[in-house]
Amino acid sequence: MPPVRFKPPQQVRIKCPKGRIVPLNEPEVKLGKTIVAAAPHRITAEQLEQARRTLRRYLGRSKEMLANVHATYPVTRKAEGVKMGQGKGAIDHFVARVPAGRVLFHIPQINPFHALLPQSPNYRAFKAVAGKLPFPVVFREQNNYFPMDSVQRLIDAKKRIDAEAHTLKVRSKLLEALQQNQK
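Under the numbering used here, the residues of the sequence shown are numbered 888 to 1070, in order.
Worth double-checking, as some hints may not be accurate.
Restraint-style ranges between C-beta atoms, simulated for each label pair [what the hints assert, rightly or not]:
1. Ala1015 / Lys917: 18 to 26 Å
2. Lys1046 / Val909: 47 to 55 Å
3. Leu953 / Ile908: 15 to 23 Å
4. Gly972 / Phe1022: 50 to 58 Å
Quick caveat, the hints were computed from the structure, so don't treat them as lab data.
Cβ coordinates follow ideal geometry from the N, Cα and C atoms, glycine included.
Kindly generate the complete structure, drawing on both the sequences and the hints.
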């Protein structure tokens, strides 16, 4: 029997109200370098794509980069010269509602030793992206610094605590056995 081919469903373009930009409940913290919105704003899909292309041009193809904001809300507009009334206009473009503190673009930290390795500064790329966006942004770098010299001390302390706990457990079992033998 030949395979049954289905026509994929058409994208449903639903009009929606303008809505408000819901503020974040807690800050978004991601390891690596990020571009963070400093003020709430609506950003169009074209502006997001232009910023993404600019960042990709500076970083190159091999460097991993994530876009955390996507334009999903439709904005309608009536044709020029149309009188008031006759319903809502047709969808003109799509926007993303970006609250203050939302991470726009993210260059992840893959290696835990990432901060210790020599790396090229990406601030020139971030500055170029900031020029493409219609609102102020902040650059944030969050690294996973953990002191290597204190790791061995932590391991030794944990082993010592575990050994003491084991010794106390064995002593308590011996005391219980002695008390049962004396009875």
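Q: Please test the hint of 15 to 23 Å on the beta carbon pair from Leu953 and Ile908.
A: holds (21 Å)
message = Is 47 to 55 Å respected by the C-beta to C-beta distance linking Lys1046 and Val909?
response = holds (49 Å)
Holds or violated: 18 to 26 Å for the Cβ distance of Ala1015 and Lys917? holds (21 Å)
Gly972 and Phe1022, beta-carbon distance inside 50 to 58 Å? Since Gly972 and Phe1022 have Cβ atoms about 34 Å apart, the given range 50 to 58 Å is violated.
Violated hint: 4 only; the structure is consistent with all others.
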